[in-house]
Amino acid sequence: MPFSKTRARFLLRVVQIPAVVLVSLLLLLTFVLIIVERRWSEPQFRGQREAFFDGTIGTEVMPLAVAKVLPDMFPEHFQPGGREAGDWIDQFGFIRPAGPNPDGLPVGFVASNYRPQSGAPSPAKFVGFSCVLCHSTRIKEKGGNTEHIVIGPGNAALNLFGWVDALQAAALDEEKFTTAKIAKAYEEKYNEALSTKEKLMISLWLREFRNTLRDNLPKYDEPFGQGRSRDPEAVPTGPGRTQPFRTLVRRVIDRPGTTMSVYTKIAPVYHEDWKEWAQVDGSIRDLYARSSLAAFAAGATIDNMALPEIVHNIRQSSDYTRALEGPKFTQLFPNAAGQLSDERIARGREVYAQHCQSCHGHPDPGTGGWVKGPRQGEIVPLSEIGTDPERINFRHGARIADTVFELFPSAHPFKFQRADLRTTDGYVNGPIDSAFSRAPYLHNASVLTLAELINLKPRRNIFFRGNNAYDPVDAGLFSPDQPDRDHYFRFDVSLRGNSNRGHDYPWPYRGAGWNAAQLEDLLQYLKTL
Amino acid sequence: MDTTRERMITLTHFANAYVPFGILLVLALLVAEQSNNLNLYRTIYTIWTTTILLNLALCFYVFRRVSRAAYNHWLLFWTFSYVAYLFHFYWAVFLVFGGIRETFAGQGALIATTNFIITLWWGADVLLAWLAKSERKWIRIQRAAAHVFIFAAFVVTATILRGGLVRWLGIILAASVGLCFLIRLITWEPPPKIERAAEVNPRA
Numbered sequence: 015m016p017f018s019k020t021r022a023r024f025l026l027r028v029v030q031i032p033a034v035v036l037v038s039l040l041l042l043l044t045f046v047l048i049i050v051e052r053r054w055s056e057p058q059f060r061g062q063r064e065a066f067f068d069g070t071i072g073t074e075v076m077p078l079a080v081a082k083v084l085p086d087m088f089p090e091h092f093q094p095g096g097r098e099a100g101d102w103i104d105q106f107g108f109i110r111p112a113g114p115n116p117d118g119l120p121v122g123f124v125a126s127n128y129r130p131q132s133g134a135p136s137p138a139k140f141v142g143f144s145c146v147l148c149h150s151t152r153i154k155e156k157g158g159n160t161e162h163i164v165i166g167p168g169n170a171a172l173n174l175f176g177w178v179d180a181l182q183a184a185a186l187d188e189e190k191f192t193t194a195k196i197a198k199a200y201e202e203k204y205n206e207a208l209s210t211k212e213k214l215m216i217s218l219w220l221r222e223f224r225n226t227l228r229d230n231l232p233k234y235d236e237p238f239g240q241g242r243s244r245d246p247e248a249v250p251t252g253p254g255r256t257q258p259f260r261t262l263v264r265r266v267i268d269r270p271g272t273t274m275s276v277y278t279k280i281a282p283v284y285h286e287d288w289k290e291w292a293q294v295d296g297s298i299r300d301l302y303a304r305s306s307l308a309a310f311a312a313g314a315t316i317d318n319m320a321l322p323e324i325v326h327n328i329r330q331s332s333d334y335t336r337a338l339e340g341p342k343f344t345q346l347f348p349n350a351a352g353q354l355s356d357e358r359i360a361r362g363r364e365v366y367a368q369h370c371q372s373c374h375g376h377p378d379p380g381t382g383g384w385v386k387g388p389r390q391g392e393i394v395p396l397s398e399i400g401t402d403p404e405r406i407n408f409r410h411g412a413r414i415a416d417t418v419f420e421l422f423p424s425a426h427p428f429k430f431q432r433a434d435l436r437t438t439d440g441y442v443n444g445p446i447d448s449a450f451s452r453a454p455y456l457h458n459a460s461v462l463t464l465a466e467l468i469n470l471k472p473r474r475n476i477f478f479r480g481n482n483a484y485d486p487v488d489a490g491l492f493s494p495d496q497p498d499r500d501h502y503f504r505f506d507v508s509l510r511g512n513s514n515r516g517h518d519y520p521w522p523y524r525g526a527g528w529n530a531a532q533l534e535d536l537l538q539y540l541k542t543l
Numbered sequence: 051m052d053t054t055r056e057r058m059i060t061l062t063h064f065a066n067a068y069v070p071f072g073i074l075l076v077l078a079l080l081v082a083e084q085s086n087n088l089n090l091y092r093t094i095y096t097i098w099t100t101t102i103l104l105n106l107a108l109c110f111y112v113f114r115r116v117s118r119a120a121y122n123h124w125l126l127f128w129t130f131s132y133v134a135y136l137f138h139f140y141w142a143v144f145l146v147f148g149g150i151r152e153t154f155a156g157q158g159a160l161i162a163t164t165n166f167i168i169t170l171w172w173g174a175d176v177l178l179a180w181l182a183k184s185e186r187k188w189i190r191i192q193r194a195a196a197h198v199f200i201f202a203a204f205v206v207t208a209t210i211l212r213g214g215l216v217r218w219l220g221i222i223l224a225a226s227v228g229l230c231f232l233i234r235l236i237t238w239e240p241p242p243k244i245e246r247a248a249e250v251n252p253r254a
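Protein sequences, first through last, are from chains L and U. Residue numbers for the first sequence follow my numbering, so the first one is 15 and each next one is one higher. Residue numbers for the second sequence follow my numbering, so the first one is 51 and each next one is one higher.
Rather than coming from a laboratory, the hints here were simulated on the basis of the structure. Ideal Cβ placement from N, Cα and C applies to all residues, glycine included.
If you want the footprint, here are the derived chain U segments under chain L, 3+ residues with CB under 8 Å: (1) 58-69; (2) 72-82; (3) 86-98; (4) 152-162.
Examples of chain L residues lying across from chain U (beta carbon under 7 Å, computed): (5) Val34; (6) Val37; (7) Leu40; (8) Leu41; (9) Thr44; (10) Ser132.
Residues of chain L clear of chain U, computed beta-carbon distances all greater than 10 Å: (11) Phe191; (12) Asn205; (13) Pro348; (14) Arg409; (15) Arg413; (16) Gly516; (17) Tyr523.
Model the full assembly from the supplied sequences, consistent with the hints where possible.
So, in structure tokens, the structure goes:
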């Protein structure tokens, strides 16, 4: 059969020319995208305070548009106490900002143009956490009208793990949680349609987030949701606490960590420069290492913690805490402070000097600084201090330090020295400036008041946590005898990880040497720190 | 073969090289959007693209004197693989390492120096290939050396210093170029001898 080369060449051109044109167009569009996407996340370099309050630390969770409507779409998950118990901010212990709040989000929810995990530029805003989310708390006197927002202590009401459980339960609902329904909910609430780029980013995020949750179901089990996210039987972490080592075990060692009960109070971050080794077990030295690992435990990644803006925010936030001072008792409770007696405070100072100063140091009245005690900074072995052992004895504890160290590549901005990380067999003695504001007490938040901590009063074995008011008499959190709308979390010290035993200084309750009068004096003195 | 006379690039030659280059580069840059580290994965995927295109360039280099088409394909793939490599170089040096000094600190002097030599030498040869009017002896020798050096660097890096898919790309590169070379050796025919005509007027 005759073959026409001319026609064959023509046919070839019919394919080649459009192919060349199409490829050229694709290349051009790709280059335009790369140039344009750089501008989506121009880094902002904030000062210390601004970084602490408003700076992303790489913990982006969801698109901003989703954060604004999600609780409304899923009241069954985000209002576990029912509508009458308040909105999700109230029910999970977040802090509502003073002043105008158009996004309706709590303090510490910050928006950025970084995508979760990768930190890649996003055309739509994503919401993550800043340091202030966890490291600020509300202190409201029982029966009082004034609420103080104190920067520095852990948020005693924040039930972050419960909230995460609710979020995961919502995200796994494939019928109700779709881009179309999110867009519809947004439009109904704000009278404004979502843009195409927002819908695109929501779709991409939802698919990725849901796939990750589903892939992890065999390892971590399903979330509870359906009003159970705050139940201690379901999510035992509870208000004011985290499980940082479980996060590390899951993300770094890739193990379920489901048998761990390492509940740790969200740490106060006053005067971080006064501590050489920090975290309750004295395991981390370098301040930036502490902060970067805290960010990592909260959801940041090695990748996004290398981005210039996030590096800057973590460092600036850390620097903010170097000299961060806690409030004085007289500032927050002037009436109660007026009841203190100079004589009793002086006697209490003596008791403190004899029984507490060695480990915790004392204020320097001349400089306003802190005088380090002889045993301050030491690790007190578990066998001596007798507090809850889970933090020290958890499975995989021996491997964590090496594994975490190797996690950071050598050129990473937060690569620390191996010598700055250690495994200990006890808890570190730290300064206790603004002691009254650090409630609840012990590393696992198992003791509600200073009065109970020093064994002036018996430590309660069952109490109820949530949005606890402050008791300035006993210097700590007030708990009713029965649960109610604000005090929903039943804290049982007999459960694993919740022990309130140990640290029986100066004396065990009604034990040998126990002196109620001296303890009253000591309590008065502690309120002045 | 006078290569300058042979450099009459047709649409077919161009499309054969440009279309795969474009598709691979677009994929390399866009697929990285789904990764956990955009810059790192653009660096990785662009070196995959470079390796694939370089593979074709080196194979055509072996046969470049066989025909005009082979020569042009070599030139085009040599050029496009270098362009893809420049994308990789930019992402690696300026976005992943954060600068030239940081690259030397991160990679070590030996590897960084080798990479910079590749970047400069390859680019110089591409320019020569397009701009030089003829392939003089020194150009041929440096070109051969450049090809051998770049081939060796890619094969050693991919097969020894890396793992996963990159190692396989390196193995395929080594095997296919080796095979092409072998075929060329087997099929090579020396040019016919031109016998000198006898002198017409020998001196008496």
